[in-house]
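*Asks:* Build the full structure now, drawing on both the sequences and the hints.
To convert a position in the sequence shown, counted from 1, into my numbering, add 78.
Quick caveat, the hints were computed from the structure, so don't treat them as lab data. Note that the structure is predicted; figures quoted are calculated from it, not measured. We put the beta carbon where it would ideally sit given N, CA and C, even for glycine. Hints should not be assumed to be uniformly reliable.
As the list claims (entries may be wrong) - Calculated cross-link-like contacts (lysine-lysine; reagent style DSS-like; alpha-carbon spacing at most 27 Å):
no.: 1; residue 1: Lys-443; residue 2: Lys-121
no.: 2; residue 1: Lys-323; residue 2: Lys-408
no.: 3; residue 1: Lys-443; residue 2: Lys-364
no.: 4; residue 1: Lys-134; residue 2: Lys-408
Said to hold, decoys possible - Restraint-style ranges between C-beta atoms, simulated for each label pair:
no.: 5; residue 1: Asn-325; residue 2: Gly-381; range: 46 to 52 Å
no.: 6; residue 1: Tyr-378; residue 2: Ile-113; range: 18 to 24 Å
no.: 7; residue 1: Phe-379; residue 2: Val-549; range: 43 to 49 Å
no.: 8; residue 1: Val-414; residue 2: Arg-574; range: 29 to 35 Å
no.: 9; residue 1: Phe-313; residue 2: Asn-530; range: 36 to 42 Å
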Amino acid sequence: MRILTIFIAIFMSLSSGSIFSKDTTSQRNIDSLIITTSRVLLKRTLVPNSVNIVNKSKLEASANSALLPSLGREVPGLFVTQKGVTGFGVSEGSAGVVNIRGIGQGNKVLLMMDGQPQFAGIFGHALPDVYVASDAERVEVVRGPGSLIYGSNAAAGVINVITHRQMEEGVSLRGRFMFGSYNTQKYLLNSGFSKGKFSGFVSLNHDRTDGHRENSDFRITNGFIKTAYNFSKTFKLLADFSVAKTNSQNPGRADKPIYDNIIDILRGNASISLENSNGDFTGALKGFYGFGDHYINDGYFTGEQPRSMMFKSIDHNYGLMLYQSYSGLKGTTVTVGLDYKNWGGRASNVPIPTSSAIEVELVNKSVSEFAAYIVAQQELFSILSINAGIRYENNSVFGGEWVPQAGANLNIFKGTTVKYIFSKGFRSPNIREMYMFPPQNPNLLPERFFNNEISILQNFWGGRLTAEAAVFLITGENLIQFAIVDGKPRNINSGRVNNRGFELELRGRVTENFEISSNYSFLSMKNPVLAAPERMFNANIHYSPGKFKLSAGIQSIKNLYLSIAPVLEMESYTLLNASVSYSDKIKRLGYTLFIKGDNLTGAKYSINPGFPMPGAMVFAGVNLDI
79 MRILTIFIAI
89 FMSLSSGSIF
99 SKDTTSQRNI
109 DSLIITTSRV
119 LLKRTLVPNS
129 VNIVNKSKLE
139 ASANSALLPS
149 LGREVPGLFV
159 TQKGVTGFGV
169 SEGSAGVVNI
179 RGIGQGNKVL
189 LMMDGQPQFA
199 GIFGHALPDV
209 YVASDAERVE
219 VVRGPGSLIY
229 GSNAAAGVIN
239 VITHRQMEEG
249 VSLRGRFMFG
259 SYNTQKYLLN
269 SGFSKGKFSG
279 FVSLNHDRTD
289 GHRENSDFRI
299 TNGFIKTAYN
309 FSKTFKLLAD
319 FSVAKTNSQN
329 PGRADKPIYD
339 NIIDILRGNA
349 SISLENSNGD
359 FTGALKGFYG
369 FGDHYINDGY
379 FTGEQPRSMM
389 FKSIDHNYGL
399 MLYQSYSGLK
409 GTTVTVGLDY
419 KNWGGRASNV
429 PIPTSSAIEV
439 ELVNKSVSEF
449 AAYIVAQQEL
459 FSILSINAGI
469 RYENNSVFGG
479 EWVPQAGANL
489 NIFKGTTVKY
499 IFSKGFRSPN
509 IREMYMFPPQ
519 NPNLLPERFF
529 NNEISILQNF
539 WGGRLTAEAA
549 VFLITGENLI
559 QFAIVDGKPR
569 NINSGRVNNR
579 GFELELRGRV
589 TENFEISSNY
599 SFLSMKNPVL
609 AAPERMFNAN
619 IHYSPGKFKL
629 SAGIQSIKNL
639 YLSIAPVLEM
649 ESYTLLNASV
659 SYSDKIKRLG
669 YTLFIKGDNL
679 TGAKYSINPG
689 FPMPGAMVFA
699 GVNLDI
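*Replies:* Structure follows, in structure tokens:
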């Protein structure tokens with residue numbers, strides 16, 4: 079409660095109003111336009127969902143290549159697991175699990191790029207190393223189920239990465255080099271082009287580190303290209319392609335090291351979309367195709383022999399999305415949509431090059447889903463907005479699933495919005511749970527979640543300060559759990575969830591060059607889950623005197639569940655990060671010199687049990703812009 083008291087004290091001090099700049103140029107997101115909740119641009123004050131917008135400046139402030147760690151500091155109730163200096167990995171000891179309000183394990187938070195679902199076709203989880211901050215223009219985070227629009231995997235929330243598109247005429251070029259602790263190196267090169275009706279953007283990133291533990295090295299190269307062509311004021315064609323190549327090694331638990339646990343992954347995604355916008359009608363036809371090639375040597379422990387077999391999988395995730403919105407009647411917006419998805423793949427154990435063993439197929443399956451939905455938004459008398467919709471999704475394995483949602487916004491005073499929403503989310507069982515390895519079970523049903531939430535948004539002093547508070551209750555049923563049935567291991571739908579809590583958020587611009595933000599979340603879980611802290615507090619300041627910029631942030635985590643059975647184990651820690659940069663220009667060449675420190679107090683903590691996080695780290699680098 080001490081941190082909550084500090085949070086309230088900050089709010090009371092800010093409420094005096096006299097310390098705030100009279101600058102009306104606001105970056106506050108209370109009135110920002112969002113697209114994720116309905117597929118059409120709507121004011122944040124008109125949608126009942128709790129939504130955060132993390133803009134490009136916030137993503138770049140950390141100088142991280144990976145996108146997800148920045149979200150964990152900017153979005154209340156969102157927690158991202160990490161395991162080392164950089165990179166998340168896969169398999170045992172991996173990180174990158176995203177929990178929103180205590181729900182997220184097993185891919186219950188849907189990660190997307192430009193509204194397209196991104197997950198591995200066999201295991202169903204997202205690949206967090208694929209999401210690069212430099213490719214994003216902004217990120218929209220929906221806290222609470224988003225299955226009405228996006229179907230399976232949006233059970234706890236949605237993270238939608240809106241990728242960069244070159245808007246200014248001409249050519250831009252940008253580069254970055256960064257070096258720091260544990261021989262960590264980060265390289266970035268991107269370029270944008272726009273002329274007339276055509277625009278393009280291409281980006282290349284490379285990260286590498288030796289890691290803070292023996293056998294914890296990590297390498298990744300990301301590439302991204304996006305093009306757009308405006309046929310007319312009504313129609314626009316967009317296409318993009320992204321690829322990521324990862325090589326990493328898992329050192330295992332500190333008390334039980336593992337050797338040769340080597341991971342080699344190639345993932346890619348391509349999409350093409352035709353968008354229309356002519357006033358009353360807006361919409362798109364989108365097609366996407368995602369693929370992955372995974373090679374994993376599970377390694378061996380002390381006293382064991384090296385493995386003669388390794389895991390290999392080739393997976394896919396492709397689909398079509400068609401939607402149209404009509405807003406020809408005053409205050410009314412109606413969106414209808416159709417979705418088709420197919421995901422799955424082939425997995426096997428294959429011999430290593432020096433082995434004479436024979437390949438053993440583990441699974442070769444795919445699942446298709448077809449869905450239709452409708453969402454209606456109605457504004458009444460400029461003070462009330464009602465939102466309701468329903469989705470029907472048919473899965474080729476378990477059949478149909480209905481997804482209702484309803485909510486309302488009441489603008490009771492100028493700058494004050496009160497919201498209520500009831501929403502349902504679900505997650506379809508994945509290929510691994512149904513068909514791979516004991517305890518597979520092909521008769522599994524989807525996991526279901528029900529969210530009731532009340533929130534209030536308050537805008538002070540023309541948007542120079544915004545505050546948000548939310549209270550929620552989430553219940554869940556049919557959670558897939560391991561059990562012994564008739565003496566054999568089996569996945570069954572038996573788990574339940576009952577999570578409740580509240581979230582607070584403050585953002586303010588004290589002066590034109592001094593900005594603050596903070597958030598606090600409290601979570602009470604009837605049935606605790608891993609990677610879900612009971613209390614989180616984040617506070618960040620950004621001060622830009624002239625050509626210098628100083629940033630500092632603190633994160634406090636209380637009662638993070640590391641282990642539940644057979645022994646309950648929790649972790650609490652506080653981290654301090656800071657950075658200083660200097661920017662200037664030499665003719666057309668702009669440059670920024672920066673130095674940053676993470677975990678400056680050297681806190682000792684773990685997020686994954688047995689995987690201690692690194693201590694204090696320092697990095698320095700340069701950004702170049704033309």
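*Asks:* Hint by hint, say whether it matches the structure.
*Replies:* Evaluation of the provided hints:
1. With a C-alpha separation of about 42 Å, the suggested pair Lys-443 and Lys-121 falls outside the 27 Å cut-off, and the hint is violated.
2. Between the alpha carbons of Lys-323 and Lys-408 the distance comes to roughly 49 Å, so the proposed pair goes past 27 Å and is violated.
3. Restraint check for Lys-443 and Lys-364: the C-alpha separation of about 25 Å stays at or below 27 Å, so the hint holds.
4. Distance check on the hinted pair: Lys-134 and Lys-408 sit about 33 Å apart at the alpha-carbon level, beyond 27 Å; violated.
5. Range check, Asn-325 to Gly-381: about 27 Å between beta-carbon atoms, so the 46 to 52 Å window is missed.
6. For Tyr-378 paired with Ile-113, a C-beta distance near 48 Å fails the hint of 18 to 24 Å.
7. Checked against the hint of 43 to 49 Å, the C-beta distance between Phe-379 and Val-549 comes to roughly 47 Å, which is consistent with it.
8. Separation of Val-414 from Arg-574 is about 34 Å and conforms to the stated range, judged on CB atoms against 29 to 35 Å.
9. Checked against the hint of 36 to 42 Å, the C-beta distance between Phe-313 and Asn-530 comes to roughly 41 Å, which is consistent with it.
Hint check: violations occur at hints 1, 2, 4, 5, 6; the rest are consistent with the structure.
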